[in-house]
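Between the sequences and the hints, there should be enough to build the whole structure, so can you do that?
Number of protein chains: 2
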Amino acid sequence: MSAVTYELIKTCKQTGARLGRVHTPHGTFETPVFMPVGTLATVKTMSPEELKELGAGIILSNTYHLWLRPGEDIVREAGGLHKFMNWDGSILTDSGGFQVFSLSDLREIEEQGVHFRNHISGEKLFLSPEKAMQIQNALGSDIMMAFDECPPYPAEYKYMKDSVERTSRWAERCLTAHERPDDQGLFGIVQGGEYEDLRKQSARDLTALDFPGYAIGGLSVGEPKDVMNRVLEFTTPYLPTEKPRYLMGVGSPDSLIDGAIRGIDMFDCVLPTRIARNGTCMTSNGRLVVRNAKFARDFSPLDPNCDCHTCRNYSRAYIRHLIKADETFGLRLTTYHNLYFLVKLMEQVREAIRADRLGDFRDQFFEQYGFNKPNAKNF
Amino acid sequence: MSAVTYELIKTCKQTGARLGRVHTPHGTFETPVFMPVGTLATVKTMSPEELKELGAGIILSNTYHLWLRPGEDIVREAGGLHKFMNWDGSILTDSGGFQVFSLSDLREIEEQGVHFRNHISGEKLFLSPEKAMQIQNALGSDIMMAFDECPPYPAEYKYMKDSVERTSRWAERCLTAHERPDDQGLFGIVQGGEYEDLRKQSARDLTALDFPGYAIGGLSVGEPKDVMNRVLEFTTPYLPTEKPRYLMGVGSPDSLIDGAIRGIDMFDCVLPTRIARNGTCMTSNGRLVVRNAKFARDFSPLDPNCDCHTCRNYSRAYIRHLIKADETFGLRLTTYHNLYFLVKLMEQVREAIRADRLGDFRDQFFEQYGFNKPNAKNF
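From first to last, the protein sequence lines stand for chains Z and E. Quick note on numbering: the numbering used here labels position 218 of the first sequence as 218, and the sequence is numbered without any gaps. Every position in the second sequence, counted from 1, becomes a number in the numbering used here once 1000 is added.
One thing to keep in mind: the hints can contain errors.
[Stated by the list, open to error] A short, non-exhaustive set of chain Z residues, derived as facing chain E with CB atoms under 7 angstroms:
| # | residue |
| --- | --- |
| 1 | Leu40 |
| 2 | Arg69 |
| 3 | Glu77 |
| 4 | Ala78 |
| 5 | Asn86 |
| 6 | Tyr318 |
| 7 | Ala325 |
| 8 | Glu327 |
[Said to hold, decoys possible] Straight-line Cα separation of at most 25 angstroms, DSS-like style, residue types lysine-lysine; simulated pairs:
| # | chain 1 | residue 1 | chain 2 | residue 2 |
| --- | --- | --- | --- | --- |
| 9 | Z | Lys83 | E | Lys1324 |
| 10 | Z | Lys13 | Z | Lys344 |
| 11 | E | Lys1200 | E | Lys1161 |
| 12 | E | Lys1131 | E | Lys1083 |
| 13 | E | Lys1294 | Z | Lys83 |
| 14 | E | Lys1052 | Z | Lys52 |
| 15 | E | Lys1324 | Z | Lys124 |
| 16 | E | Lys1324 | E | Lys1294 |
| 17 | E | Lys1013 | E | Lys1225 |
| 18 | Z | Lys10 | Z | Lys344 |
| 19 | Z | Lys225 | Z | Lys344 |
| 20 | Z | Lys13 | Z | Lys52 |
| 21 | E | Lys1052 | E | Lys1344 |
| 22 | E | Lys1344 | E | Lys1010 |
| 23 | Z | Lys324 | E | Lys1083 |
| 24 | Z | Lys225 | Z | Lys200 |
| 25 | E | Lys1083 | Z | Lys294 |
| 26 | E | Lys1052 | E | Lys1083 |
| 27 | Z | Lys294 | Z | Lys13 |
| 28 | E | Lys1124 | Z | Lys324 |
| 29 | E | Lys1158 | E | Lys1225 |
[Unchecked claim] Far from chain E, by Cβ distances over 12 angstroms, these chain Z residues were calculated:
| # | residue |
| --- | --- |
| 30 | Gln14 |
| 31 | Val43 |
| 32 | Arg107 |
| 33 | Glu130 |
| 34 | Lys158 |
| 35 | Arg166 |
| 36 | Asp226 |
| 37 | Val227 |
| 38 | Phe366 |
Note that these hints are calculated values from the structure, not bench results. Source: prediction; values computed, not measured. Ideal placement from N, C-alpha and C gives every residue a C-beta, glycine not left out.
Now the structure itself:
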């Protein structure tokens, strides 16, 4: 049996969204789920205890960053990533592919892998399917990701077709190189951009390899929202219902709901933590930029409808003061709140699926959050 | 009865150190005590819950900084500093005097007060005994400090004598201006540099005004350690035994013990939190610079003899990784540890006073920490 398994509990009659459970060597979490991002073996500003308290069951960490700092050897010697960072819940690691394509210069793609430069030191590096597996095996994450090519958006059809085919060949090499299939589940990544036939081809290639889960990659890279939704709609029918589906890089409340409606089970994004560190909060009434001067004497909580630790104990005025004064405790408070907000949102989504009313929930949520307003911001 | 009272429990037969209790409107703490510094209504990187968990009973906050940001009006409107920052323990606020003299340019001292420039905006400001009281009354701290002049070290005798006399006149004006004596205790500050007769004069002037507590100011400003000890020895005899004595700006383990031996009850310093943010830790075996390369693969705790949350759960290698990668969680872990270390040290000091063996404790501690080595660093 695979290290990672999926259990479909029910499908929403109103939308087709899936309520399920994913079992990993470090526990079980319900889906649809949002995974906070802990790039360098820490979710920025948070402690593992706080992540547990706010309800996170799985977090994501970045293979590329941990490879460079502190190096996967040190993490392995520490007893793996869970022990190194004191997190006993599930961990998903990406493959490094996205960072190679988004952060590095001078990359050269060849059949064997990708040559590029370290974004910190400028040193020349090489990442391949085999290397990505070796690093992730050393990290010991519960869910590993296959090493894929992340093409730019938009990309020409010919480029995308070549890329999809290479990603399929790389996926097969990943499966062969993966040394700990009993401890770690390896997910394949469906690519193909906005081309329906290429998504279909990619999904068929990968499902033939029988991964325990599948990601949909190459979205949330600048394409319009309706393009993302359309791609999800024509891709998921080619994915097996008994395996989890992971939409990479998505974390705005609207896209989480719209992704769930299209059959997605797992999501990750730096959005909630990144905007938190800039003083922007997600609330039941929409975005709130707590840095703004109008909150200087506002002693109400970030979100009057929220019962998180931040909202129960701290005011907008205090948090604004801290952030204006560059005090990191302010960033802890906003980060905690934003992560709690998304964890609770996903709980509500699961509850709505259970009650066959996710479509109604979407309408109400979009109205209250302000997504229906003209020129509404995307988070 | 004063808002703040002191209860002498016993005096160490071996050293003369005092074991006591200070009662404030927000509770009681045992002395000798170390007070963590929360300059801008936050002890940098820490939550109030963490401060409570590690055993802090009283923290210090800075009047000058809160006056500039967010402004004392906002703190008063929030219901006072305790409510603003969600800290229900005791708070001591300084008078702003030290910051005016250490941070600002172009200061001009006159009988009425001090003209100077805001260290952030450059704006011209004026601080006086009356203004310092008005701000601290708005903040609502349990212990307020009189507005004093902090002369440079070293200072000529004539300058120091004039300064001491002005500080005494200012102290009287502070008492008159203090509007909430039932809620907040106001401490006087004894000045006089290294001049015994001036320390005596200052102590006599101030004790005649019957403050509920007395600070010894103008030390830990660059003078040799034996000068500090000598000043304490010839000053404390002029202070009443039934009032608490606070040595301002002291936080290195050796000086805390040596201060306690000389009859000091309260201490504060940014040292433990500031060096923590630079990756330097206080341990039972001396200073440990966890940033150093030699700890990259050291999976032991910061201090093998420490049972704090950091040491129970995180390794030197992980903390080094976080600090090297500029991850604030690393600073949380070192800050927590250093504060816990000093809180525990003061518990040990109190235990040693109770057992009439603080002199023996000093010898053992200095040996183990390395203070007896030639060229030992001061913390």
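* Asked: Holds or violated: is the Cβ of Tyr318(Z) closer than 7 angstroms to a Cβ in chain E?
  -> holds (6 angstroms)
* Closer than 7 angstroms between Cβ atoms is the bar; does Glu77(Z) clear it against chain E? Give me holds or violated. => Holds, about 6 angstroms.
* Is Lys1324(E) close enough to Lys1294(E), meaning Cα to Cα at most 25 angstroms? -> Holds, at about 13 angstroms.
* When the least beta-carbon distance from Arg69(Z) to chain E is tested against 7 angstroms, hint result -> holds (5 angstroms)
* To do: Starting from Lys1294(E), check that the Cα of Lys83(Z) is at most 25 angstroms away, please.
  => With Cα atoms ~20 angstroms apart, Lys1294(E) and Lys83(Z) stay inside 25 angstroms; holds.
* Lys13(Z) paired with Lys344(Z) [C-alpha distance capped at 25 angstroms] -> Roughly 22 angstroms between the alpha carbons, so the hint for Lys13(Z) and Lys344(Z) holds.
* Asked: Can we trust that Asp226(Z) is non-interface, i.e. its beta-carbon lies farther than 12 angstroms from all of chain E?
  -> With a cut-off of 12 angstroms, Asp226(Z) remains clear of chain E, as the shortest Cβ separation is near 37 angstroms.
* With d taken as the least Cβ-Cβ distance between Val43(Z) and chain E, does d exceed 12 angstroms? -> violated (8 angstroms)
* Glu327(Z) as an interface hint toward chain E, with CB separation required under 7 angstroms -> Holds: closest Cβ of chain E sits about 5 angstroms from Glu327(Z), inside 7 angstroms.
* To do: Compare the distance between the alpha carbons of Lys1052(E) and Lys1083(E) with 25 angstroms, and conclude whether the hinted pair is satisfied.
  => holds (15 angstroms)
* To do: Take a quick look at whether Lys1013(E) and Lys1225(E) sit within 25 angstroms of each other, Cα to Cα.
  => holds (24 angstroms)
* Hint consistency between Lys83(Z) and Lys1324(E) [alpha-carbon to alpha-carbon, up to 25 angstroms] -> Status holds; Cα separation ~19 angstroms.
Checked against the numbered hints above, the structure violates hints 20, 27, 31; every other hint is satisfied.
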